[in-house]
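Number of protein chains: 2
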Amino acid sequence: MFDSIAIVGATGAVGKIIRQLLVERDFPYKKITFLASARSAGTTIEFKGEQHTVKELTPEAFDDIDLAIGSTPDPVAKDFVPWAKERGCVVVDESGFWRMDPTVPLVVPEVNPDAALSHTGVIASPNCSTTQMVLAMKPLHEAGKIRRVVVSTYQATSGAGVAGQAELVDSSRAALEGKPVENKTFAHSIAFNLIPQIGSEKHEGYTSEEMKMVFETQKIFGDDSIKVCPTCVRVPVSNCHSESILVETEKKITVAEARELFAATPGIKVIDNLSAGEYPMPKDCDGDDATFIGRIREDLSCENGLAFWCVSDNLRKGAATNAVQIAELLVASSK
Amino acid sequence: MFDSIAIVGATGAVGKIIRQLLVERDFPYKKITFLASARSAGTTIEFKGEQHTVKELTPEAFDDIDLAIGSTPDPVAKDFVPWAKERGCVVVDESGFWRMDPTVPLVVPEVNPDAALSHTGVIASPNCSTTQMVLAMKPLHEAGKIRRVVVSTYQATSGAGVAGQAELVDSSRAALEGKPVENKTFAHSIAFNLIPQIGSEKHEGYTSEEMKMVFETQKIFGDDSIKVCPTCVRVPVSNCHSESILVETEKKITVAEARELFAATPGIKVIDNLSAGEYPMPKDCDGDDATFIGRIREDLSCENGLAFWCVSDNLRKGAATNAVQIAELLVASSK
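Which chain is which? The protein sequence lines are A and B, in order. Per this note's numbering, residue 1083 is the first one in the first sequence, and the count goes up by one each step. Per this note's numbering, residue 1083 is the first one in the second sequence, and the count goes up by one each step.
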């Protein structure tokens, strides 16, 4: 175990859930420190019945930390990860900054746990939209080798943090009251609307969010031959990302086989009874660590295709839970 | 032209827009009759400055009608279309009941106008989710022959009529006020949620709405070799359906070619400038007769694939506008 641990970005939406998870999962440590930007430093966090003052994120803050779990914007992670590494602190980083660095493992514990053990001081956790998809892909890839994925996302406003969720509430209320709808966090109004852009333009008409789904998937499976065509869309849902996924495999996987494979995979729960109106929905998956799969069916347009619907709490498995699971892998390997 | 026309289902969400369109497009007629179920019969509609009493939909109601445009539930259309045909009245029917009847043409005027002219008394207008997709497919199919379509929909509550839109407003308001959220029109709460089921279970895990997208597309193009894999999802948007579409063509079509082909197609408007944050969104397409296309890009997962985003007002082009356009074809052919 690690004696002294820290949460970096402790006051953010994901930081808050990381704190909950450390309690829920009885994560082992002797001392805990909460770090945040100068703006949040000095505020107080109650944790396990004790009051903790949030400290400012500085290089020296890592002097006595062994393990840090970070959830910060990319530019912050760019700075603080070297500060931690120089001081011998291992970092599990939720940001996008280090994910594609060839020296940094990118890990979903149910998919590629071994990668975590070859780290050189920092391990990255994938983007939320990637994590739930690769978890769903894992058993199908092992059983039939995935050649191609076509995915359309329905992403919640919590992916843009607390401010995104607040904007959904405020703008929806304004719209219902017939008042002008403002947007600050999102490029357009999200109230009762869809925004088919997440992130900035990155590559030949694809956004940064979409290219994360391509490159992170290939890195996690260690297989550049897996082709991914993503479309990422922001929807007026508070929390939990949903994905319409179609995979093509080298070897055919039947619906019955897929259902068994999914059900046998740790971290996946199958809810799939269309005639009874049972399938995963954001409202039912909020606050759960699992990745939910339903609407499993054979592709009508390709011999070896399989279509399904996948929902997961993007703040949990898409962020906090996956990071804490990586930290648990490190604890287990240090025993 | 037709001397005496009728709108069947005149008081419904689509009936209301058909009335607006007859004015907007200066549809020719001498006499107009508004028909509806016994529940709505007797109410008054103001049309072109005159008060019209809505008449009950009975066989005899068609005695002096030459052309009827109908937007009713399927069981109603099953009954009234034969009543009209027996009396020599031609019907343009928006319901799902007659669409797959081999003696009934299924028409999108920009796609297969000639089919309308071989009718035997009734012409069907496709399901809303099909109409905008086949319109988008049309120029690509002509240029490169479409082999396969993978489509995920983001469908508005207006697809379930006025009651669907009202339930979105009421349940969203309740959710924001922390009150219990009720659902009657939809199988689950639609407020800030997604429902990955539209229609009932129909075929091997696919819903009736999804199978409409398969069979209607093949019928409209007269080509059963076009494979379609649809996923239909209800989203908390009031009006305008959106679709994430990927097509695979026999002959490669570049992004530049696709943009030109779309722009040259009547009924399509291209809004496609990702770096400027410009693409079609439901909030901007409401009340417009066009089908909007953006996010046009090459598929990253297949050599001859093309991905794009398509939004259209499902009450207009997806229903009322397409029906009135079919009626206009009949007027033109009767000259």
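Treat the hints with care, since some could be wrong.
You can't tell identical chains apart in this list, so a pair holds if it fits in one copy or across any two.
[Stated by the list, open to error] Cross-link-like lysine to any residue pairs, in silico, SDA-like; alpha carbons within 20 Å at most:
#, residue 1, residue 2
1, 1351, 1146
2, 1167, 1359
3, 1112, 1305
4, 1334, 1269
5, 1227, 1243
6, 1098, 1156
7, 1351, 1251
8, 1112, 1334
9, 1167, 1155
10, 1284, 1359
11, 1137, 1251
12, 1266, 1129
13, 1309, 1384
14, 1167, 1102
15, 1261, 1334
16, 1309, 1386
17, 1266, 1248
18, 1309, 1334
19, 1137, 1270
20, 1261, 1368
21, 1309, 1385
None of these hints come from the bench; they were simulated from the model.
Against the structure, the hints come out as follows:
For the identical chains of this complex, residue 1351 and residue 1146 are neighbours neither inside a copy (40 Å) nor across copies (60 Å), given an alpha-carbon limit of 20 Å. Taking CA atoms no more than 20 Å apart as the test, residue 1167 paired with residue 1359 passes in neither setting, with 50 Å inside one copy and 38 Å between copies. Taking CA atoms no more than 20 Å apart as the test, residue 1112 paired with residue 1305 passes in neither setting, with 39 Å inside one copy and 69 Å between copies. Taking the shortest Cα distances, residue 1334 and residue 1269 never come within 20 Å of each other, neither inside one copy (42 Å) nor across copies (33 Å).
Neither within a single protomer nor between protomers do residue 1227 and residue 1243 lie at most 20 Å apart by alpha-carbon distance, with minima of 35 Å and 44 Å respectively. Proximity of residue 1098 and residue 1156 under a CA criterion of 20 Å is satisfied intra-copy only: 18 Å inside one chain copy versus 51 Å between copies. Within a single copy, residue 1351 and residue 1251 get their C-alpha atoms no closer than 29 Å, and across copies no closer than 32 Å, so neither meets the 20 Å cut-off. When the C-alpha separation of residue 1112 and residue 1334 is checked against a cutoff of 20 Å, the pair qualifies neither within a copy, at 50 Å, nor between copies, at 61 Å.
Taking the shortest alpha-carbon separations for residue 1167 and residue 1155, only the intra-copy value of 18 Å comes in at or below 20 Å, while the best inter-copy value is 66 Å. When the C-alpha separation of residue 1284 and residue 1359 is checked against a cutoff of 20 Å, the pair qualifies only between copies, where the shortest distance is 13 Å, while the shortest distance within a copy is 38 Å. Proximity of residue 1137 to residue 1251 under the C-alpha cut-off of 20 Å is found in neither arrangement, the shortest distances being 31 Å within a copy and 44 Å between copies. Proximity of residue 1266 to residue 1129 under the C-alpha cut-off of 20 Å is found in neither arrangement, the shortest distances being 32 Å within a copy and 42 Å between copies.
Taking identical chains as interchangeable, the C-alpha atoms of residue 1309 and residue 1384 lie at most 20 Å apart whether they share a chain (16 Å) or sit on different chains (8 Å). Proximity of residue 1167 to residue 1102 under the C-alpha cut-off of 20 Å is found in neither arrangement, the shortest distances being 26 Å within a copy and 67 Å between copies. In the homo-oligomer, the alpha carbons of residue 1261 and residue 1334 never lie at most 20 Å apart, since the shortest distance is 53 Å inside one protomer and 47 Å across protomers. Proximity of residue 1309 and residue 1386 under a CA criterion of 20 Å is satisfied in both settings, with 15 Å inside one chain copy and 14 Å between copies.
Taking identical chains as interchangeable, the C-alpha atoms of residue 1266 and residue 1248 lie at most 20 Å apart only when both belong to the same chain, with a minimum of 11 Å there against 28 Å between chains. In this homomeric assembly, residue 1309 and residue 1334 come within 20 Å of each other (Cα to Cα) both inside a single copy, at 17 Å, and across copies, at 18 Å. Proximity of residue 1137 to residue 1270 under the C-alpha cut-off of 20 Å is found in neither arrangement, the shortest distances being 35 Å within a copy and 44 Å between copies. In this assembly of identical chains, residue 1261 and residue 1368 lie within 20 Å of each other by CA distance solely across copies; the values are 18 Å between and 29 Å within a copy.
For the identical chains of this complex, residue 1309 and residue 1385 are neighbours both inside a copy (17 Å) and across copies (11 Å), given an alpha-carbon limit of 20 Å.
Of the hints listed earlier, those the structure fails to meet are numbers 1, 2, 3, 4, 5, 7, 8, 11, 12, 14, 15, 19, in rising order.
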